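S.K.: Here is how the chains run, residue by residue.
Number of protein chains: 2
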Amino acid sequence: MSVIRVHSAIRDYEVHLSESFDFLDAFEKIPNRFYVIDSNVWKLYRDSLFAYLNPQLVLVLPIEEERKNLSTVMEVYDALMARSAKRNMTMISIGGGIVQDITGFSASTLYRGINWIFVPSTLLAQADSCIGSKTSLNYKNYKNLIGSFFPPNQIYLCPKFTKTLKDKDYFSGMGEVIKLHLMGGEVLARELMSNLPALTARDNPTALLSAIEKSLAVKLSYMQDDEFDTGKRNLLNFGHCFGHAVESTSEFAIPHGQAVIVGMIFANIVAKARGLMSLDLFHELQFKVLLPALTTRPTQSQLNTEQIMAAMQMDKKRTGEGLVLIMLTEGFEMCKVEDMGFAELTSANQELLSTLAKA
Amino acid sequence: MSVIRVHSAIRDYEVHLSESFDFLDAFEKIPNRFYVIDSNVWKLYRDSLFAYLNPQLVLVLPIEEERKNLSTVMEVYDALMARSAKRNMTMISIGGGIVQDITGFSASTLYRGINWIFVPSTLLAQADSCIGSKTSLNYKNYKNLIGSFFPPNQIYLCPKFTKTLKDKDYFSGMGEVIKLHLMGGEVLARELMSNLPALTARDNPTALLSAIEKSLAVKLSYMQDDEFDTGKRNLLNFGHCFGHAVESTSEFAIPHGQAVIVGMIFANIVAKARGLMSLDLFHELQFKVLLPALTTRPTQSQLNTEQIMAAMQMDKKRTGEGLVLIMLTEGFEMCKVEDMGFAELTSANQELLSTLAKA
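Protein chains in written order, with the numbering used here: chain A, 196 to 554; chain B, 196 to 554.
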């Protein structure tokens, strides 16, 4: 089991990467523990991995984006208080990003912060969201409007959990894995290109664990000294400026990580047009990385330029007049601009549409 | 205007202490500002201090303990979003501890933390709660069950606000001022003894500002290296272990800081009985500090031993079997025990009752 140590202003924490589920046994020795488990994960493992759990200590939580809000947080408070939760209790939550958001927000606010162990079960959560201290909740019509900075005390991840993921969810996670490898510099990017066939074939757990570990290491390097996301951590939004808009225009039919791949193709088109990326690198990334991993493609109407523009103007991170775009440039350096206008967006979006039509 | 700089793991911040209200003018230059003002403070100052404020930028918030919950936080979210709040907005909140809790929790969770300026208007908030990063909300029947660690970016305080406080609220604040001076060592404790007549007469703003500044400095020294309250910061609960119980048995008829004074008398009785405090010091504190500042006294039934015991067992900070008590000892050192049993509680409570009956 390898361990990544993460420094956080709130508290330092550790990510334990394991090829087996053995770590679950040790949880049973934790006093005042309480499990919150995604109902999908529960259904898959209730008679095997979780058969030994005392049902009194488990809340099985039905998970969907519509439930990522304060009402569900209150369900968690109620379940914990019904078992006389004290401030020295430990919550162990098992699931994907939505479980992380709901239980993380609950853990951060109950007694101003209780002990929390998170076991990410999706590739997206394992390779990306589990570190970074962020929790988010939807509020009324506002997506991710509220949240907190609060890391788990410990994260335990095992790629075996991803075996039961649907292709749609697995390749959503793969989008962030690709993004982080591209952001990690040329060596890592080329390593990804050679491992991508194994990763997309879903048959090499050792390659997957290694890709997860490297993804987390890259994310960490961008979070260093910017935990609260006021500077370079923002570059992790590579692929997200346009990607979030595609999620929105597709009404979330395009999974998050897949939308990020579309967003990276878009950013590369702009980088190429601005002379920041060579045609060679552009083509290499397009055909060896991005298009092969794009399994859920947006339709023409989901890429309507006016709607994309409107969605990008809503970007929470935007504080000025122009649109924000983060690009990978030749030499694998990141670059952020805040001056993208409608004409540039329209032209790049046209090229994106014809790329997707041809591919 | 003197300034206290506070180091915080979340972000460093400053407390500006001022004899005048001039700082309010400068707020008008802050872009994307929004005011949240306690309705009581608003009524008192709407035609004077606040006459120039754009009503579109003000939420007047009716304040009561029953409203210190997530529903009121949502009222704040709604008011902010109705004015298209962006993540670079600044919330300026003016009021006492409840306003601090509601607006601080709102500011900490909206966009995972927006800019926040706090102007404490009560003595309790000025001399104690404004620093320390804590926000708390009630949840269902649980008092202060949920909350966050989130300091304001800036705190501006002016003791003039306390002129309009009712005696009941002023002397509640005085309880914490006394506690912090006693915890600051012998020199500060004796300084308080000589200033107490001026402070209780409420006619010397310079003495008050100085007492506030010293109270904050003592609190800071206990928070140093323990912002998240896992060690020595806990000693700030001097007077609170028993005091919280008195608040509870009196159904909050005894104001917080007054209950803390009762709690300090109780703690001193135990310290004397355990040989940790001399009779001389005990009497000096009793007659020169604690009894003169105790203006709202609990009745005999509010000090029912069984009920006090039951309430102390509910203490959120308690993790073991015995009751927790924090005591001042001879030499003005603090000491925490976790072994107080029912017999010791009963006997000390008897002495407390007869002290209050005689005084």
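Just so you know, not all the hints are guaranteed correct.
The list makes no distinction among identical chains, and a pair is therefore deemed to hold if it is satisfied within one copy or across any two copies.
In silico PhoX-like cross-links for lysine-lysine, where the CA-CA straight-line distance does not exceed 20 Å [stated by the list, open to error]:
1) K427 to K329
2) K409 to K355
3) K335 to K281
4) K553 to K361
5) K467 to K335
6) K358 to K335
In short, the hints are calculated from the structure, not lab data. Here the structure is a predicted model, which is why all the values come from computation and not from measurement.
S.K.: Next step is simple, just say for each hint if it's right about the structure.
M.R.: Checked hints:
1. K427 to K329: within (16 Å within a copy, 28 Å between copies)
2. K409 to K355: within (17 Å within a copy, 58 Å between copies)
3. K335 to K281: between (31 Å within a copy, 16 Å between copies)
4. K553 to K361: Cα proximity of K553 and K361: none, with 26 Å in one copy and 76 Å across.
5. K467 to K335: neither (39 Å within a copy, 57 Å between copies)
6. K358 to K335: neither (34 Å within a copy, 41 Å between copies)
When each numbered hint is compared with the structure, violations occur for hints 4, 5 and 6.
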